[in-house]
Amino acid sequence: MISNLPIYLIALPLFGSAVLLLGGRKTDRWGHIFATLMSAASFGVGAYLLTIMLSKSNSERAITQKLFEWISVGTFKVNAGLLLDQLSICFVLLITGVGTLIHIYSIAYMSHDHDRRRFFAYLNFFIAAMLLLVLGDSYLNLYVGWEGVGLASYLLIGFWNQKPTYATAAKKAFIANRVGDMGLSLAIMIAFATLGTVSFAGVKEHVGQASTGALTAIGIMLLVAATGKSAQFPLQAWLGDAMAGPTPVSALIHAATMVTAGVYLITRSNFIFDAAPTAQLAVAIIGAITLLFGAVIGMAKDDIKKALAASTMSQIGYMILGAGLGPAGYAFAIMHLLTHGFFKAGMFLGAGSVMHGMNDEVNMRRYGGLRKFMPITFATFGLGYLAIIGVPPFAGFYSKDKIIEVAFNTGGIKGITLGSAALLGAAITAFYMTRVVILTFAGAKRWDEKAHPHESPFLMWGPMVLLALGSVSSGFLFTHGDALRNWLAPVVEPVAVHEAEVLSPAIVSILALVLVAIGVGLAIVKYLLSDVPEVAPKDVTVFTRIARRDLLQDQFNEAVFMRPGQALTRGLLTADRSVIDGAVRAIARMAVGSGNILRTTQTGFVRSYAMWIVLGAIGLVAAIWMVTL
Amino acid sequence: MNWLTMLMLLPLVGAGVVATLPKSNSAIARNAALATTIIVAGATIAMAIQFQRDNVDMQFTESYSWIPTFGIKYAVGVDAIALVLILLSVLLAPIVILAGWNEALGGRWSAKTFYILILVLETMMIGVFAATDVFLFYVFFEAMLVPVYFLIGGYGTGQRSAAAVKFLLYSLFGGLLMLVSIIALYVLSGEQGGHTFDTAALSHLKMSSMTQNLFFLGFFIAFAIKAPVWPFHTWLPDAAAAATPGTSVLLLGVLDKVGTFGMIRYCLTLFPDATKTFTPVILVLAVISIIYGAFLAIGQTDLKRLIAFTSISHFGFITMGIFAMTSQGHSGATLYMFNHGFSTAALFLVAGWMISRRGSSKIADFGGLQRVTPVMAWMFFFAGMSSLALPGLSSFVSEFLVLVGTYTRYPVAAVIGTLGIVMAALYILIPIQRALHGPVMPGNEALSDLNLREKIAIAPVVAVIVGLGFYPSPLLNVINPGAVHTISQAGYSDPLPQIDAKVGK
Amino acid sequence: MSAFTTPILNYSLLLPILIVLGGALIGVMLEAFASRKIRPIAQLSITFGTLILALVQVWRIRHQSSLTAAMGSVAIDGASILAQGSVLLIAILGVALIADQEHFTALAASLPGSSEERESIQSGEQLTEIYPLTLFAVAGMLLFPASNDLITLFVALEMLSLPLYLMAGLSRRRRLLSQESALKYFLLGAFSSAFFLFGAAYLYGYSGSVSFAGIREAVIGGSGNDVFLLMGIAFLSIGLLFKVGAVPFHAWTPDVYQGAPTPVTAFMAAATKVAAFGAMLRIFYTALANAYWDWRPVMTTIAIITMLFGSFVAIAQRDVKRMLAYSSIAHAGFLLIGVIALNKAGLDASIFYLLAYGVTTIGAFGVVTLVRDSTGEVTDLKRWAGLGKRSPFAATLFAAFLLAFAGIPMTSGFIGKFSIFSAAYESGNHAIVIVGVLSSAIAAYFYIRVIVVMFFNDPVEDGTTVVIPSILTRFAVTTAFAVTIFLGVFPAPVLNFITSTALLLR
Amino acid sequence: MNAANYLYVSALLFTIGAIGVVVRRNAIVVFMCVELMLNAANLSFVTFARINGNLEGQVVAFFTMVVAACEVVVGLAIIVTIYRSRRSASVDDASLLKR
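Protein chains in written order, with our numbering: chain A, 94 to 722; chain B, 6 to 510; chain C, 4 to 509; chain D, 104 to 202.
Bound-form chain A, shown alone (with noise of 0.2 Å):
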């Protein structure tokens, strides 16, 4: 009976979105309510499931449901299953509530767009999608759940498509995305040629069996289509771009749930990366790059959605920071993906807030003392703010530093290299998102006069106040008795012996506080207590310009991907045109010039035809006495 309600998750929110799309504008006037009733009926399930596995042993709450066998050829079967356990769990609730909060806050955010049914049925799609992918038992169910959500996500950015550069954005995203799913697809392919199966079970069971060089292999292509869908070094260039998209979908998808299935695919693959070092390496140098990486366009960007977008990049390389640290790493990573999920969510629809009383201005450079006009705003997003540069006791200080610590302390030049650069990112975080908070409430005001800043309705703010709740909550309940690594156990199996302490925990969060004290200094000193220029100062040091420029990652595929890439299929256009079909056509023209030499044989003379015949006679003599020769 139990095992049978998994599906229920997934079908409830489908069920919505097809009913929408179907329905057409039939069902435009209830459609948003009742999507959003399928996603909070979908969470209602989760939570009931939850309990369901609260009742039972830690061992034992793993449920799995097979609906049918999808593909079976050979050896190679796959059956459409669901898995839930300890780690799908706290993503199906994470996607569910705060999907379903994220419904709630659409209603009125997207109230005065008639599409906004279209877009609640794309919401409920991408709930299901997201559901399948993490409660797919194995790779290939998972798969089509990666992909599902791309194309959701490829689909929300779009939204408005009508501008064309949202429509380039959602195929940018699409596009770097699929780059990512080559590699996923690839590890399927040397899971199945290695171990001859894609289940988790499967794989997890034969996993000892296999080389470490096909391990590797598959752990890193595992790590590119991480990097893809979880905008990671090097395919990172997407997730700015991606939010052309309404901002709850930049909440939901783009900060929340989507890109973070990264990491959750590296955490549930733990067993692989385990018996991978090299693999595992790579994971955490990624995560380490990337945290740097998006921290520093995060300190450059003046559009507050962007600002936000390269902090999540920038939280994301923690996540994958620590889901690179092997065992004691994977429930830190887990943790700060759902803190994370709480604060960035409810900064997001913070942001989402803003632009709403702000006629959809973006540019922080155009806010300024916001803080009196939007007060329920205010402080949501400040809680946010309080617990993503990791000030105890709000959820962050929780996750960031466990991961930090961690990092320490896998020891050697590993353990500083990557626990310093994860310090750093602390700093830098805790200076832009300080900016952030400072040139949008703080300060003088620098919107113009049409702008007429204002409260969100209730239906906006009542979500963000729950999400508030969570960033200042979670990261003690989770780490509350180590409640979430307990319970997580089963899934990452962290090792039994817990590694020296390179550094003691005090020390390390003391460290960590320092720099963010001096992150958030600073950025006082910078935007509090000098003015703020309404357009952004052109005379800037070159680092900075780079920076606007997110670190010239655009230009680099631009140069290195697409001009050749279009240069290539020119070429080959031209070689199609003129050298296959060409060769096939001077074929033609051969036959049909030869045709029109030979024919001058045919003079109308009648003694060259006679002369014709003496040569064919002599001709024809002279070859029979070769060939009796």
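In short, the hints are calculated from the structure, not lab data.
Keep in mind that a hint or two might mislead.
[To be verified] Under the rule of at most 20 Å between Cα atoms (straight-line distance), these lysine to any residue pairs were calculated in the SDA-like manner:
#: 1; chain 1: A; residue 1: Lys256; chain 2: B; residue 2: Met446
#: 2; chain 1: B; residue 1: Lys367; chain 2: B; residue 2: Gly472
#: 3; chain 1: A; residue 1: Lys256; chain 2: B; residue 2: Gln438
#: 4; chain 1: A; residue 1: Lys256; chain 2: B; residue 2: Arg376
#: 5; chain 1: A; residue 1: Lys256; chain 2: B; residue 2: Pro447
#: 6; chain 1: C; residue 1: Lys347; chain 2: B; residue 2: Glu196
#: 7; chain 1: A; residue 1: Lys543; chain 2: A; residue 2: Asn456
#: 8; chain 1: A; residue 1: Lys619; chain 2: A; residue 2: Arg458
#: 9; chain 1: A; residue 1: Lys159; chain 2: B; residue 2: Gly472
#: 10; chain 1: A; residue 1: Lys297; chain 2: B; residue 2: Asp505
Since the model is a prediction, treat every value here as computed from it, not as a measurement.
Keeping the supplied structure of chain A fixed, place chains B, C and D upon it in accordance with the hints.
Coordinates of chains B, C and D only, in the frame set by chain A:
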């Protein structure tokens, strides 16, 4: 009951009926043709239900002496792959007629002639897949060019006659090369115990490896042109761009499958050793097709040509799957043929509707259709997603099977082939962005959305694509035993997973 | 000096030839004595009657065979009966086309453009010498493949050629061209017969016998002077290759095909090929079979050149009749493949191919006779544009004939090509099969081009019309069409008959 | 005298005839050259009859003469017609049909 003969006769009867109808009333001809194709589809499904899944032998066999002088038989029968492709053909036929409701009117000749040609073509499509006598196969293989030639040249647009000629000559040339091999096989069979064209009997001929290689090439080049595999592809974009959408659907959806079908049925079973020899070369060609087709698709400015190039890329996948010689690759390739038929049908039919409404096939002439004609835009989007093998749609299952099946034996080919899935995103999303997104371009404001008839036509296509995406088993279970049988006949078995292989040592 | 012995003739076996000759003589009488009014209809019925009677007789003797029907000069065996049957069938269809007197000059002796000519046309006085001429030619064609010694062969050759020379010059329109074609045909024909005769002399010199059996014995014995044999083979072949239009002895073909009245071209193209290849098969399969090492390489070369040349040049043609002429050259090449095969399969295949090709040729030229403007036939390909629109009947039939020429399955041409190629492959001559296939591909190009012009090009309004065919023309082209398709779809009965009948007595 | 010499003569005559056909323009002369070639063949036949010691070759000669006579009838008819139409018996003038 002589199912297959009946299936082949039904469209001919329909064509006869259509021929007696008055020329002036095209609606009657169309209705008669539609009714015929629906009856044929129904009959085929009735036959398919009786197909025994686990029996790898030919079923519904019939055999009559046709030209005893040469040992030629009218011998038909179906195995799994033939059944699947016949199903594809007969299912697409009514859809094509329904979708291209007015296609026949703009042609050089009457609508009546159009439907006669379509029905005759349907007979030949069934015949070419059902033939178990090589000679009979060849007859259908070549003869079916004629109706298509007239369909392209008589009812197409643009450079239709040049395209029709190119199509015909290309195919004919390939066919003639195959004829040499067929003749050679026939003579050889005479030397080894009696002239025959029976496919099964021919597969037991003894040949030196050199002979086998040459014969193999004769067949393979014919099929590579038909499929088409790079570098024999240049006829396809021209033909597809010139033909009416319905004809293009049949051309890309069914006729080209004769090539890949032939590779399995003839190249593999008749010349297993040569297949081994040539596999590396063919895989290279297949991989090139995948990438090359994708690149050129990206560069197209014409909607129809774009779809044609995507098909070249897809045929690369199919070829790769076939020559990977694993059960996954084979089943995947067969399923791919079926799925590609439907996803191309979706693409071409919707593109056809777009083009006929807009009066242009240039992608640049469209823009903002999502706002003007949401349903049509959705359908195009859906077809595009199917073409780029979005998981959950049928083409994903087949594409992934091909890739995974190839990887177990030829990892490099599979890895390069995987690049194709990224490029697929490009070549699908670029036209989607240009045609459906952005502001409404001038000239598109007044386009009408799909009408009920068009919705009815596209609905089964969508249903099949979605249905088989989630639940491919009905088809896979039919295909699998045949696929395993074919590769074991060719002397292959699935590579063991590395861990089991190690244990085996 | 031995006493004079009466020759023993088996008249029933010779009857087909004699009937036709008799009919021809009656025709001559009619031409001389019958009144103008009844002459055309009388000639026509006599001709048809004769041909049908002869055909019936051929059918009656189909299972007989004898070398002694005329003292060893004429071989009546399966092969000759099949060839004679084909010739008669084709002749019947051909005469059906010839019956449309619109094509022929009323008075061949009148000057082109003279008042005499105008008067004769206006008065409706139509000379009908074409019928007896046709019958004489048919008689020669019946004898040619049955000839079993060099004398008969030569006489038969001239018997079929001389009337054809005249017939080529009888066109009503474009008489200068027609006369020119007659002149060219005649001069070159006579020239090649001289070679033929010279070759015959050397074969006689080699073997000491004019009979094929004697030559065969000499070749097997190998005692003669090889130089004589080689010269004999070479020169004799020239005469035959000229008749079938093989390169480089083909030059007359396009000019004569174009200049001659189209019904004559049809008859000539179809029937002459049957007769000439019939004779060629007999000579090479019986008399010279054992010298194959001498002639096969050379003939292979000629076959290859012929196929390629015909196909290539046909591509460049702008005139339908010339195009068909070059196509017939290419087909001569394909038929040579059958001769070279030198096996039973090759014999069967050649005979089937000849029948199929002959019938299709009649049909194709038959359609050409229908496309006219006010000044007569229109053979310029450009002006055939849009024929499919103007006359679907004519265009569809012509397309079918072209597809048969191209060897598309479901037509007789395909079965013919298949059987010829498989026979050649069986004989071990793989290269020629490949060349044959290649030139088929090239040939397809121009057949298809004509279809494009007819169906896919827009009609030009220049007065080109398709006349309503007369009953006989309609009969000829529809029969040709029916046979072409029937032989493509159900060739089994005919193939069976040929396989079980075809045989060359030695 | 060696019989072979007759063969040489015959071959020479044949060659002369053949060359004549190729080089001469007048249709009558061309035709006469063809006749010369036929007669060369006749000479060969007769010579071979002598060499082989049977009569068949001589019989052929008679047939040839008859046939040649027929050919003359047909040939002259054609040439005369052409001459009347064109006022010229040059074979080079009759070259409308080409290519």
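Cross-check of the supplied hints:
| no. | hint | verdict |
| --- | --- | --- |
| 1 | A:Lys256 / B:Met446 | holds (12 Å) |
| 2 | B:Lys367 / B:Gly472 | violated (32 Å) |
| 3 | A:Lys256 / B:Gln438 | holds (11 Å) |
| 4 | A:Lys256 / B:Arg376 | holds (12 Å) |
| 5 | A:Lys256 / B:Pro447 | holds (16 Å) |
| 6 | C:Lys347 / B:Glu196 | holds (15 Å) |
| 7 | A:Lys543 / A:Asn456 | holds (15 Å) |
| 8 | A:Lys619 / A:Arg458 | holds (13 Å) |
| 9 | A:Lys159 / B:Gly472 | holds (18 Å) |
| 10 | A:Lys297 / B:Asp505 | holds (15 Å) |
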